[in-house]
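K.L.:
Chains as they are written, first to last, in the working numbering: chain A, 3 to 267; chain B, 815 to 1138.
Rather than coming from a laboratory, the hints here were simulated on the basis of the structure. Careful: at least some of the hints might be erroneous.
Lysine to aspartate or glutamate pairs mimicking EDC-like chemistry, simulated, CA-CA at most 20 Å apart [to be verified]: (1) B:Lys1040 <-> A:Asp261; (2) B:Lys1134 <-> B:Asp1037; (3) B:Lys1134 <-> A:Asp250; (4) B:Lys1128 <-> B:Glu1036; (5) A:Lys218 <-> B:Asp939; (6) B:Lys1028 <-> A:Glu187; (7) B:Lys962 <-> B:Asp898; (8) B:Lys1104 <-> A:Asp250; (9) B:Lys1104 <-> A:Glu246; (10) B:Lys1076 <-> A:Glu262; (11) B:Lys962 <-> B:Asp925; (12) B:Lys1128 <-> B:Asp1010; (13) B:Lys1071 <-> B:Asp1010; (14) B:Lys1104 <-> A:Asp248.
Computed beta-carbon distance windows for the label pairs [said to hold, decoys possible]: (15) A:Lys237 <-> B:Glu846: 27 to 35 Å; (16) B:Glu826 <-> A:Ser192: 43 to 51 Å; (17) B:Lys960 <-> A:Lys237: 29 to 37 Å.
For each residue, glycine too, the CB sits at the ideal point set by N, CA and C.
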Amino acid sequence: MKIAVLVKEVPDAAVQKRIDPSSGRLDRSGEKNLNPYDTHAIEAAMQIREGGAVEVDEIVAVTMGPESAVRALHKAVSLGADRSVHLTDPALAGSDVAATGYALAQVLRRESPDLVLLGQQSDDGECYTIGAVVAEYLGQPSLTQVIKLDIAGDELTCERQAEYGYDTVNVKLPAVISVGDAINEPRYPSLKAIMGAKKKPLDTLATGDVDIDASKVGAEGSHVACGDFKAPPSKSAGTIIEDEGDTDDTVGKIIAWLDERKLLA
Amino acid sequence: MSNILVYALHHEGAFNKNSLGAVAEASRLAGELGGEAHAVVVGAGIADDLAATLGSYGATKVYKADGPEGLSGPVIDVMGKLFDGGDYQYAVFGGGLLGFEIGAGLAARIDAGVTMEVTAVNVVDGQLAAERPILGDSSISTSRYKGKGIIIARLNAFEVKETGGSAASVEQVSYEASTQSQQANIVTRGEQRGADVDIEGASILVAGGRGLGKAEGFQLAEDLAKAFGGNAAVAATRAVVDAGWYPYAAQIGQTGKTVAPKLYLAAGISGAIQHKVGMQSSENIVAINKDANAPIFEFSDLGIVGDLNKILPKLTEAVKARKG
Ligand SMILES: Cc1cc2nc3c(=O)[nH]c(=O)nc-3n(C[C@H](O)[C@H](O)[C@H](O)COP(=O)(O)OP(=O)(O)OC[C@H]3O[C@@H](n4cnc5c(N)ncnc54)[C@H](O)[C@@H]3O)c2cc1C
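With the rest of the complex left out, here is chain A:
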C-alpha cells in the first residue's frame, strides 16, 4: 500500500508570529521549520510500515507552499518518507482552508494513496480542519485527533478522544486520518538520513499539473476574507516570580500571594 503524509512549513515556535499589515496574512518570513505536529504523522506511517500488518510500498510527503517549503519536505524525507511532492504556484497564495484542502486533494488524486495521514493541527494557523476538507473533496472517510491506529487488510481501527470520552471507529481505506500528538514519540533523523534527504526524488508541481481550477484557489477563489485585525481586550499582566536559587524564598512569596487572596483560609 501507499501512504501519503501531508506536511507543512511553519514559522519556528521560538519566533514571534505576526500579521503583515499590508496583506492581512500571516507573516511567513523568518525562521521556518516542519510543523512539529506533522512529525507524528510521519512516525505513524513509519510504524505502519515497520509493524508488518500490511506491506507498505511507499511513503510520500506532500506539501503546498512557497519555494522555501522544500525544507519541510527534506525534513519529512529525513524522518522516513521515500519521496516528496511540492505543489507550488503563485496562484495559490492567500488560499483559505477550503481552497487549500481542494488543492491538496487534487495532488492526492494524482498520487492515489491508500491512506493519507496528517498532524492534528498546524503550529501557526491552528485549524484542525484540513483533513476533513481534503477527505470530503476526495469522497473518502476521515477522522481527526486519532491517538491509536491499527490496520488490518483494508480496515483501520482508530481511537480518539471526543466530547464524551474515548471513541473507537472503524474506517475503510482509502481514508484521510489526522493523528494526535499522543499517538507516538517521533524518532530523530539520523545524520545519514539528513544528508541523504536532498537526493531523494522530489516532484515540483504547479496548479496546471494537477488540474486545479485556478478560480477556486488563492485569495480570489477563497470564500473567506480575513481582516480588521484588532488587539484582544487587555488583561492586566500577572505577577511573575523567577525561581533562581532560593526556592524557600519563592515559596514564601507564593504563600504570601495566596494569603492575600484568602486562599489558605
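Since chain A is already given, all that's left is putting chain B with the ligand on it; use the hints.
P.N.:
Just chain B with the ligand now, with coordinates in the frame of chain A:
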C-alpha cells in the same frame, strides 16, 4: 436565505451545552437577519419531545434524521441536503471535536467559507462577520464570507440562553448516505478511561501537565492538593490523559471539563488554547513552568518561572504548615 442551520450534538438523551449555546446564538443572529434558526439532530431513535426542547433556546424547527451518533459523515450528508434546498446561507456549530469535523467537511460539500475558533459573531451590512483570535490569542481577526459561511465556535464562546420560545416543530428528514459516510463505523462511543474522579465541585484545583514528566509525577500534584485539604482536587491536560498518566474524568479543556474554581494551580502545563478554554474563568490562576515564554503566563495571575520538581514539594510543606 436568511435562515441559519445549527447542529445540535446530543448524547444519552441530553443536548451538549455548547450546542445549546450555538442554537441560542444562531437564533439571535437569524433574528437580526430577518430569518429563523433551525436545528439538525442526527441519531438513533431521538424522541420528538427531546428534539422539540431546542425551541426553548430559539430554534423554530428541528430536523431529525436517523443515523449513527459520533460520526461527522451522516451529519454532513443531512446538512448538505438541507443547504441544497436553498433556504440557508449560514451554519453554526458549538465548540467540540465533531463540530470541527462536520463544519469543515460541510464547507467542502457546499462550497462555503469556514472559520473556526470563533469567539463572537456580528451582523454587518446584512451579513455575518465572525471574530476569531489568532496567533496564540494575541490578535483578533474578522472573517467575512463571500457567499455561504460556516461558523465553528470556540468552546464556551456562546452563552446558553433560554429565549422563552415554545416547543420547536420537529420534522423527520431522510437522506442518502454518501459513500464516504458509509465507510466509517462507530464501534464504541464515550468510553471512560481511568478512575471516576470528581473535580467539578472542587474550589481548589491543582492541575498537572506533561511537565510532571511521568505518571508518578502526579504524586507531587496530589500531595499539594491534599495539603490544601477538603475541597481540593487534581486535574490534568489532554496530553497526560492520552498518555495514560491520569484519568480522563480529570481532564480540563475542549474535550474535557470546564471548571471555574477559586484557585487553579497549573504545574507543568503550557497553556494551549484547548486547555485554556476549560479553565480561563477560574478566579485565581497560578502557573509553575520552567519556560518563561510558556503561553500560560499570558493568562495567569501569578506565574512562577522555575522547576516544579523543586518548587512543588516545598510549597506542599509550606501549605501544610500554614494549615496546621
Ligand atoms: C481538537 C483538540 C482538542 C484538544 N482538547 C484538549 C483538552 O480538552 N484539554 C487539554 O488539556 N488539551 C487539549 N488539546 C491538546 C492541547 O492542544 C495541548 O496539546 C495540551 O493541552 C498540552 O498539554 P500539556 O500542557 O500538559 O503539555 P505541553 O504542551 O507539552 O506542556 C508541558 C509544559 O511543561 C513545562 N515543563 C516541562 N518540564 C517542567 C519542569 N520540570 N518544571 C516546570 N515546567 C516544566 C514545559 O515548559 C511546557 O510548557 C486538544 C487539542 C486539539 C487539537
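K.L.:
All hints, please: hold or fail.
P.N.:
Hint-by-hint comparison with the structure:
1. Annotation: proposed proximity of Lys1040 of chain B to Asp261 of chain A holds, straight-line Cα distance about 18 Å (limit 20 Å).
2. The suggested pairing of Lys1134 of chain B with Asp1037 of chain B holds, with an alpha-carbon distance near 10 Å, which does not exceed 20 Å.
3. Only pairs whose Cα atoms come within 20 Å are accepted, and Lys1134 of chain B paired with Asp250 of chain A is accepted, the gap being roughly 14 Å.
4. In summary, the hint linking Lys1128 of chain B to Glu1036 of chain B is supported, as the alpha carbons are separated by about 14 Å, within the 20 Å threshold.
5. As the CA atoms of Lys218 of chain A and Asp939 of chain B are separated by approximately 25 Å, the hinted pair breaks the 20 Å bound.
6. A distance of roughly 14 Å separates the Cα atoms of Lys1028 of chain B and Glu187 of chain A; the hinted pair therefore holds under the 20 Å criterion.
7. A distance of roughly 12 Å separates the Cα atoms of Lys962 of chain B and Asp898 of chain B; the hinted pair therefore holds under the 20 Å criterion.
8. Between Lys1104 of chain B and Asp250 of chain A the alpha-carbon distance is near 17 Å, which keeps this suggested pair within the 20 Å criterion.
9. Using a Cα cut-off of 20 Å, the hinted pair Lys1104 of chain B and Glu246 of chain A holds, with the two alpha carbons roughly 11 Å apart.
10. A C-alpha spacing of about 13 Å is found between Lys1076 of chain B and Glu262 of chain A, which places the hinted pair at or below 20 Å, so the restraint holds.
11. For the hint pairing Lys962 of chain B with Asp925 of chain B, the CA-to-CA distance comes to about 7 Å; that is within 20 Å, so the pair holds.
12. Only pairs whose Cα atoms come within 20 Å are accepted, and Lys1128 of chain B paired with Asp1010 of chain B is rejected, the gap being roughly 29 Å.
13. This hinted pair checks out: Lys1071 of chain B and Asp1010 of chain B have alpha carbons roughly 13 Å apart, not beyond 20 Å.
14. As the CA atoms of Lys1104 of chain B and Asp248 of chain A are separated by approximately 15 Å, the hinted pair is consistent with the 20 Å bound.
15. For Lys237 of chain A and Glu846 of chain B, the hinted distance range of 27 to 35 Å is satisfied, since their beta carbons lie about 29 Å from each other.
16. Taking 43 to 51 Å as the suggested C-beta distance range, the pair Glu826 of chain B and Ser192 of chain A conforms, at roughly 50 Å.
17. Our hint of 29 to 37 Å for Lys960 of chain B and Lys237 of chain A holds, since their Cβ atoms are close to 34 Å apart.
Checked against the numbered hints given earlier, the structure breaks hints 5 and 12 and satisfies all the rest.
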